[in-house]
Amino acid sequence: MKAISVSKLKKTFNGVVAVDGISFDVEEGEIFGFLGPNGAGKTTTVRILTCQLKATGGKASIFGYDINKDCNEIRRLIGILPQETSLNELLTAQQNILFYGILYDLPKKVIKRRSEELLSIMGLEHRKNDLVKNFSGGMKQRLSLVLAMLHEPKLLFLDEPTTGLDPQARRHIWKFIKEINSQGTTIFLTTHYMEEADTLCNRVAIIDSGKIITIGSPAELKSRMEKEKILEVEVDCDENTINDLKNVPGVKQVSYANGLLKIIVEDRKGLLLDIVKNLSDKNIKSISTAEPTLEDVFISLTGKRLRD
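Each step along the sequence shown adds one to the number in the numbering used here, with nothing skipped, and position 66 is 66.
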């Protein structure tokens, strides 16, 4: 049985299409990534699949339960980590856990057992009696994961779980996500961080403007660029030069940020020389080739960066 099955799902808001007829399946036990820029339709999809929002059209099911008919059954099977945490910062971590356990109607023995297990996994066992208002952003996110996992859901929805965290805190969350998944929990992860999707996900759906562009494992998606090369040029560049490069035969995409020019080109002889000629008066500091990333795949498919 599929953990998630989606067919032609659609959502419009006052005539504006947020989710545009998407279809995909999530296998039980995998980490499935939804990779795309802000506003692509990721959170709307999560809200529909978790029975918080009605779809305009299409079908979807969670472990065979229809999202339009079986929401009570679905809620018992899923955990949700939304973008905005709902912690009570005037309570301790342990008090937050007890409160959520009561909401889930869990026996006190189960709350105690799960609390000890999850606080240990998240590295928070020594802070359980501290007020949440004194926690760092990363610690709050870890506690939110504890709450989402308290009732032992089969499927966990993580909506941008590391947004706003520093790199170290982000990697801590990655570690915990892997640990949770290793215990059998299926994970649906939305993110706009290419490295996050590449590191964690078994498969990734790339979504833009409400439409799924492609689906595959990170390795499969990157291998589709084997007939292309990624050039990275450290150079002072202006808009006219970028436009000139876009018109060079064989150049597929050009992006420029923080002094680094990234060019996706066809793999053919002579093209590098043509590019260097266009940059000959622009004070080239370095030029190198790079392995494709998921962001390069996104750029190749859409013509824009994930954070544009």
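Just so you know, the hints here were simulated from the structure itself, not pulled from any lab data. Since the model is a prediction, treat every value here as computed from it, not as a measurement. Check before you lean on any hint, since a few could be wrong.
Stated by the list, open to error - Estimated spans, in silico, between C-beta atoms of each pair:
no. : residue 1 : residue 2 : range
1   : K10       : I287      : 40 to 46 Å
2   : N72       : S7        : 48 to 54 Å
3   : E89       : D274      : 53 to 59 Å
4   : K285      : D130      : 44 to 50 Å
5   : E117      : I284      : 54 to 60 Å
6   : S288      : N243      : 22 to 28 Å
From the three backbone atoms N, C-alpha and C, an ideal C-beta is built for every residue, glycine too.
Verification of the hints:
1. Distance hint check: the CB atoms of K10 and I287 are about 45 Å apart, consistent with the given range 40 to 46 Å.
2. For N72 and S7, the hinted distance range of 48 to 54 Å is not satisfied, since their beta carbons lie about 22 Å from each other.
3. Roughly 58 Å separates the CB atoms of E89 and D274, a value that falls within the hinted 53 to 59 Å.
4. Checked against the hint of 44 to 50 Å, the pair K285 and D130 passes, with Cβ atoms roughly 48 Å apart.
5. In this structure, E117 and I284 meet the distance hint of 54 to 60 Å, their C-beta atoms being roughly 55 Å apart.
6. Between S288 and N243, the C-beta spacing of about 23 Å keeps the proposed range 22 to 28 Å intact.
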